[in-house]
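As you go down the protein sequences, you meet chains Y and Z in turn. Count the first sequence with our numbering and you get residues 1 to 414, in order. Count the second sequence with our numbering and you get residues 1 to 414, in order.
Treat the hints loosely; a few may be bogus.
Stated by the list, open to error - Restraint-style ranges between C-beta atoms, simulated for each label pair:
(1) Y:P186 x Z:N47: 15 to 23 angstroms
(2) Z:E140 x Y:A203: 40 to 48 angstroms
(3) Z:V288 x Y:K90: 46 to 54 angstroms
(4) Y:Q113 x Z:A30: 51 to 59 angstroms
(5) Y:Q113 x Z:G286: 26 to 34 angstroms
(6) Z:E140 x Y:P186: 53 to 61 angstroms
Hints listed in this document are in silico derivations from the structure and should not be mistaken for laboratory results. C-beta atoms are modelled at their ideal positions from N, C-alpha and C, and glycine is treated no differently.
Here is how the chains run, residue by residue.
2 protein chains.
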Amino acid sequence: MLVVQKYGGTSVGDLDRIRRVARRCLAARAAGHDVVVVVSAMAGETNRLLALTRQIHPSPEEREQDVVVATGEQVSVGLLALAIQAAGGKAVSLLGHQVKIVTDSSFSRARIQSIDADRISAALGRGEIAVVAGFQGTDERGNVTTLGRGGSDTTAVALAAALRADSCEIYTDVDGVYTADPNVCPAARKLDRISYEEMLELASQGAKVLQIRSVEFAMKYRVPLWVKSSFGDDPGTLVCEEDSAMEDVLVSGIASDRNEAKIALRSVPDVPGVAAKIFTPLAEAGVVVDMIVQNVSQEGHTDLTFTVGRGDLGKAASVIRAAAGPLGVKGIETDDQVAKVSVVGVGMRNHSGVASKMFQVLAAEGINVLMISTSEIKISCVVHEKYTELAVRALHTAFGLDRASRGAAIAQAG
Amino acid sequence: MLVVQKYGGTSVGDLDRIRRVARRCLAARAAGHDVVVVVSAMAGETNRLLALTRQIHPSPEEREQDVVVATGEQVSVGLLALAIQAAGGKAVSLLGHQVKIVTDSSFSRARIQSIDADRISAALGRGEIAVVAGFQGTDERGNVTTLGRGGSDTTAVALAAALRADSCEIYTDVDGVYTADPNVCPAARKLDRISYEEMLELASQGAKVLQIRSVEFAMKYRVPLWVKSSFGDDPGTLVCEEDSAMEDVLVSGIASDRNEAKIALRSVPDVPGVAAKIFTPLAEAGVVVDMIVQNVSQEGHTDLTFTVGRGDLGKAASVIRAAAGPLGVKGIETDDQVAKVSVVGVGMRNHSGVASKMFQVLAAEGINVLMISTSEIKISCVVHEKYTELAVRALHTAFGLDRASRGAAIAQAG
Chain Y
1 MLVVQKYGGT SVGDLDRIRR VARRCLAARA AGHDVVVVVS AMAGETNRLL ALTRQIHPSP
61 EEREQDVVVA TGEQVSVGLL ALAIQAAGGK AVSLLGHQVK IVTDSSFSRA RIQSIDADRI
121 SAALGRGEIA VVAGFQGTDE RGNVTTLGRG GSDTTAVALA AALRADSCEI YTDVDGVYTA
181 DPNVCPAARK LDRISYEEML ELASQGAKVL QIRSVEFAMK YRVPLWVKSS FGDDPGTLVC
241 EEDSAMEDVL VSGIASDRNE AKIALRSVPD VPGVAAKIFT PLAEAGVVVD MIVQNVSQEG
301 HTDLTFTVGR GDLGKAASVI RAAAGPLGVK GIETDDQVAK VSVVGVGMRN HSGVASKMFQ
361 VLAAEGINVL MISTSEIKIS CVVHEKYTEL AVRALHTAFG LDRASRGAAI AQAG
Chain Z
1 MLVVQKYGGT SVGDLDRIRR VARRCLAARA AGHDVVVVVS AMAGETNRLL ALTRQIHPSP
61 EEREQDVVVA TGEQVSVGLL ALAIQAAGGK AVSLLGHQVK IVTDSSFSRA RIQSIDADRI
121 SAALGRGEIA VVAGFQGTDE RGNVTTLGRG GSDTTAVALA AALRADSCEI YTDVDGVYTA
181 DPNVCPAARK LDRISYEEML ELASQGAKVL QIRSVEFAMK YRVPLWVKSS FGDDPGTLVC
241 EEDSAMEDVL VSGIASDRNE AKIALRSVPD VPGVAAKIFT PLAEAGVVVD MIVQNVSQEG
301 HTDLTFTVGR GDLGKAASVI RAAAGPLGVK GIETDDQVAK VSVVGVGMRN HSGVASKMFQ
361 VLAAEGINVL MISTSEIKIS CVVHEKYTEL AVRALHTAFG LDRASRGAAI AQAG
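Just need the whole structure built from these sequences, with the hints factored in.
See the structure below:
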């Protein structure tokens with residue numbers, strides 16, 4: 001069996017922890033597996049290096065920043081290979097340009113285009129554990145690139161896909177994916193399995209556990225992905241393809257996201273092309289718009305409301321103010337005290353009634369719904385930020401997700 | 001004009017010093033030159049990284065050690081490129097594998113085999129300052145290699161040779177090459193010029209200023225090499241080809257080396273093949289033998305004395321004890337309290353009398369000469385270690401090298 005393991009910065013945070021990771025790799029090898037291990041920079045190292053670049057240049061060129069920051073993973077792989085050797089094993093470190101993890105040239109947020117797995121396969125053939133630097137790649141001209149925060153997850157999944165690995169294990173400081181953020185909802189329960197699609201929709205929670213792009217990659221190449229704790233022996237959560245058992249579960253998890261701000265445009269002329277004139281300049285300014293809601297037209301005018309990341313609110317508002325005048329928009333209101341609460345589950349595909357139940361639960365708690373957006377497996381409501389915890393906990397209970405009560409949610413509605 | 005500048009770890013020891021180096025590079029650029037700058041790791045960084053590898057493995061594999069240690073230079077080039085950009089210049093960092101500084105696979109002490117200067121030339125063509133990582137290379141299979149302590153000097157000289165640079169400037173924390181180590185001989189004087197050959201013979205002093213291999217490289221490819229201070233504007237010392245003016249100077253400098261130990265073999269049978277039976281096992285044990293002296297044979301036996309690095313004495317003695325018995329050697333004496341003092345000068349080629357003068361000076365100071373060895377441009381004497389400073393100072397004065405008295409040494413003997 002070929003296993004790809006990935007250890008984050010906390011798991012290799014000091015030399016003792018690196019030794020512990022070495023023992024885990026050797027245990028997998030002793031169990032008869034071929035082992036590829038991907039590591040991040042030691043905890044704090046990436047931030048230390050980023051701070052250096054910012055001290056020397058107020059807005060450092062991303063090419064050079066990547067050169068500096070990529071050294072964090074280079075140190076980790078060398079030290080882990082040595083730790084495995086010190087424990088009696090065989091290991092070789094491999095860097096992004098050595099594995100030929102070829103990316104585009106979008107420095108600091110590069111996307112993997114191809115991987116040449118030959119060198120790893122050769123190492124495995126010699127009985128070595130291949131210790132691969134996460135987060136880093138090389139573009140076609142040989143420049144050092146990095147994949148963005150959490151990029152080591154994507155490195156691991158991409159390697160697993162390229163090597164046709166039997167499994168990809170992401171070791172982190174939590175023991176799996178939960179039905180809700182345990183900090184928000186104490187009754188949250190660890191999931192044994194979750195589908196790729198649900199994992200993506202649980203993004204706002206999941207982003208802390210897995211880089212979103214790594215999940216997209218795993219889904220695209222059908223790589224079974226385990227999320228496990230590097231400090232215990234819990235089997236963790238398996239992120240995998242949807243199966244019939246999952247469809248019996250109506251709601252898999254509740255996500256919440258406070259990084260939201262709302263912009264409402266009052267009395268927008270309801271003529272073709274208006275929306276384009278509003279959202280095109282936003283896109284050009286690099287503002288990512290999340291939800292968009294347009295009300296029914298009244299007397300040739302409508303209200304248009306949308307949400308953006310809270311950090312983009314100022315930029316978005318000034319873009320909109322510049323565009324709104326010529327369009328004849330009557331008023332612009334902004335609100336940075338909103339949050340998005342979502343229920344997620346592939347079971348929704350075959351069951352109705354989830355949305356109405358969600359609205360009932362929120363209404364019963366006196367929570368006003370400001371915006372609604374739905375997808376095939378998700379219903380999101382924007383509410384005042386102060387209701388976030390209350391909404392998550394009430395929905396978690398109502399959909400039967402509270403600890404030791406999972407059975408209750410199965411095919412409950414519909 | 002194409003200039004290669006090299007800055008050592010002290011010169012880039014913190015962010016302010018990196019900014020100062022950036023200004024020096026930009027000044028050279030403003031003077032109309034194409035500039036290639038080679039940098040070492042920030043002072044202390046290489047030792048910090050080496051310590052990490054030794055904490056994780058008692059005798060770390062050199063391949064992995066090189067992976068870890070090479071990150072020091074990678075951080076430096078990124079930060080210096082950003083510092084140049086912050087000061088309004090154009091710069092790009094280049095790593096060993098990007099410049100294609102191809103070396104053999106002798107990890108931790110690799111030798112440069114070839115350099116592909118195209119990428120640097122392209123950067124210069126775009127008006128950029130090329131900031132190249134010193135000390136590091138890549139072998140033919142793409143492994144990270146390092147060139148050994150002081151290897152950045154060799155990187156700079158090799159680049160200067162490959163680019164046919166007009167000059168190669170080594171910036172360090174001293175302002176040039178001296179007639180003797182100023183710490184040993186307060187009257188030592190900075191040299192304006194010195195030949196490659198003399199620089200090599202002054203190794204024990206020069207090694208602190210220039211890596212020996214960089215001088216060999218400069219001599220082989222006839223690269224004019226400047227040794228300058230990165231903290232002042234002193235023109236420094238030019239290391240270059242021998243010319244007639246140099247030959248007029250009898251002695252250019254006095255070198256001393258305390259890293260010496262002496263082994264004397266008493267009553268060695270004087271038959272063919274004996275020397276080979278003694279020195280072959282030493283070579284196989286990795287012991288570098290420096291001087292060898294054999295006395296005139298008496299009654300079929302002779303005395304054989306040689307020196308090794310002090311750290312190798314224990315190993316050398318045990319190798320010799322194992323070999324001496326079968327050969328019939330009567331006695332083995334070791335002495336780790338010796339030092340080598342040398343007078344160096346290309347002028348010796350055309351003048352006699354230097355050796356006798358050296359012996360007279362030492363005798364007048366009551367210093368017993370234990371061993372003598374000569375080359376075309378050097379005479380070395382092994383003396384008791386306690387006489388090192390006395391010998392250096394007396395010779396320095398006798399050969400007219402003391403400050404403000406250079407003229408006295410010209411064609412004084414012969």
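Going through the hints against the structure:
| no. | hint | verdict |
| --- | --- | --- |
| 1 | Y:P186 x Z:N47: 15 to 23 angstroms | violated (48 angstroms) |
| 2 | Z:E140 x Y:A203: 40 to 48 angstroms | holds (44 angstroms) |
| 3 | Z:V288 x Y:K90: 46 to 54 angstroms | violated (32 angstroms) |
| 4 | Y:Q113 x Z:A30: 51 to 59 angstroms | violated (40 angstroms) |
| 5 | Y:Q113 x Z:G286: 26 to 34 angstroms | violated (46 angstroms) |
| 6 | Z:E140 x Y:P186: 53 to 61 angstroms | holds (58 angstroms) |
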